[in-house]
Amino acid sequence: MKTRVFILITAVAGIFGFALLAGPRPINPFAMSGLDREILLFVRLPRLVVAALMGGGLGASGAVLQGVLRNPLADPYILGLSSGAALGAAAGIVLGVSFFGALTVPLLAFAGAIGTGLLVGLMGWRRGGIWPERLLLAGIGVGFMLSAVLMLFLSVSSNEGLRRAILWIFGDLGMSDWKLIPYGALLIGLGLAIAQRRAKALNTLMLGDDLSHSLGFSPRKETALLFVSVGLMTAASVALGGMIGFIGLLMPHIMRFFVGTDNRILLPASALGGGALLVVADLIGRTVMSPTELPAGMVTALLGAPYFLYLLRRRDVIG
Amino acid sequence: MSSDKKKHDFILELDNVSFSYERELNLIEDLKLGIGEADFTGLLGANGSGKSTILKLLAGILKPAGGSVSLWGKPMTSLRHRDRAKLLSYLPQVLDMRVPFGVGELASMGLYPYGTPPELTVAEALGMVGLSEKRDTLITNLSGGERRRAYIAMTLLQGAGILLLDEPLANLDIKFQVELIRLLRELNSTRKISIVMALHDVNIAFQFDNIILIKEGRVIGTGTPENVLNEELLKKAFDIEVSVHRLEEGSFITY
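Note that the protein sequences, when read in sequence, are chains A and B.
Taking the numbering used here, the leading residue of the first sequence gets 1, the next gets one more, and so forth.
Taking the numbering used here, the leading residue of the second sequence gets 1001, the next gets one more, and so forth.
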């Protein structure tokens, strides 16, 4: 197991290094011009950090949520947070509001996601805690409702903002900015820290609420706490750069093939794997058809899905 | 109500407990029952008699609407979850079989309530339940009997003196049933663990030290199998005529 963790960390570090140097304009780290240095520090590094944070947050949230809901098909977006974020962002873009400059859209997206999270959490709450089945159904219901409002909103708007709003919804890392990073890092770091501290409780929740109780946890409270961690990570991730499919749903499964089911290892592994995959997808997206950029979310799925299907054929299915 | 239980202190006790699931009539009313140290008790009753509910009340999973549950003389509600887990463990009837934890990984969850692990090691616990060879096997690949034993290894590491089991023999064939009862007996006599098991098979109930006979959420008999498992009480509990046969090798019923 130690060897596998070491391989994983080394591979992720290698991917990050490579992504900084490769691209439409390859950079030789031993002979950098002034322009190279500018590109590295102010274009590629912030973009890499944003992609790593988003992918990491989604990978870890997916692992937490699949455990809490005891459902291998759970995806952080299933709770409707992303629909809330998309609605917030689309409203900001289409209406052209701007009260915090460049931070306006991410802020509206975050507010939309957290507001949705509170609503879904409230509906999943009963007798002193959160119940997984209620939470899941509440998330799906609220998500559909918000998506419908978003569609209504987009179908009656007809300006240039519409195209930008749609691009944003499908994952736009092009607007990544150093200014956003501290907030994103703080929220995703906080969510990950909560989940990591409750990883033992999450292991027991996967065996069922009664066993979790017998092993010394309060299943209702642990579920609520883990939901907060998922909410923080998912909302921050969507606010940083829109919706990225695949990672939240399938990265935890890919990592289970490598490091097993114990969430104390699976959560950080899913975060690392998710971060690395989105960094690679973004690198490919901005390189292959340069100067046209392909949406990172699309590349993520194109890369990840065949690999996942290959693993699925080779190993036993989990779930 | 027959009672020949010697006066002694109960370590786990329901006192005048009442309970109902939401919007339903009281399933349990004014229930009193107690479990002593190193008891080997069968909670016997027909389907729907309230056995599972009583076990969950004893485990602290369900909160009584009235009355109190006490563990080692303290109200259950006054104990921290972690401290309670060191005294009491509960295994549900249906054990998860979809999550691919390793056997050793699963068993070591019994150590979660502890900061520093107690004396028993994972290897020793697996040895006691006969799963030493399967430490790295995934629980998804075990037979029903083995899986049950893996979870019992977990409760051993938990170090609790009371083990509550909900119908652990259901869906096991006779070999695994016998093996499991033997294992629990051994843990009961060597490690002084109080075993409380919900069951519905009267012939298995004869092997216990104590029987608590349940009907519609009430105790209709408590004591040794010889005293409780008679034709009159069994008819009352199960609503069917049975004949009890007592032989030197053991007792059994026919119907």
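Calculated from the structure, these hints are not laboratory results.
Any given hint could turn out to be false.
Claimed, not checked - With a straight-line Cα cutoff of 25 Å, these simulated BS3-like cross-link-like pairs (lysine-lysine) come out:
(1) B:K1056 with A:K200
(2) A:K221 with B:K1215
(3) B:K1063 with A:K221
(4) B:K1215 with B:K1063
(5) B:K1134 with A:K2
(6) B:K1074 with B:K1134
(7) B:K1215 with B:K1192
(8) B:K1236 with A:K221
(9) A:K200 with B:K1086
(10) B:K1175 with A:K200
(11) A:K179 with A:K200
(12) B:K1086 with A:K221
Said to hold, decoys possible - Not the full set, but computed from the structure, chain B residues with beta-carbon under 10 Å of chain A:
(13) F1010
(14) I1011
(15) L1033
(16) K1056
(17) G1060
(18) P1064
(19) R1082
(20) D1083
(21) R1084
(22) L1088
(23) R1098
(24) F1101
(25) M1109
(26) D1166
Model, not experiment: these values are computed from the prediction.
The beta-carbon is built from N, C-alpha and C at its ideal position, and this holds for glycine as well.
- Query: Hint by hint, which ones does the structure fall short of?
  - Reply: 2, 6, 7, 8, 10, 11, 13, 14, 15 and 18
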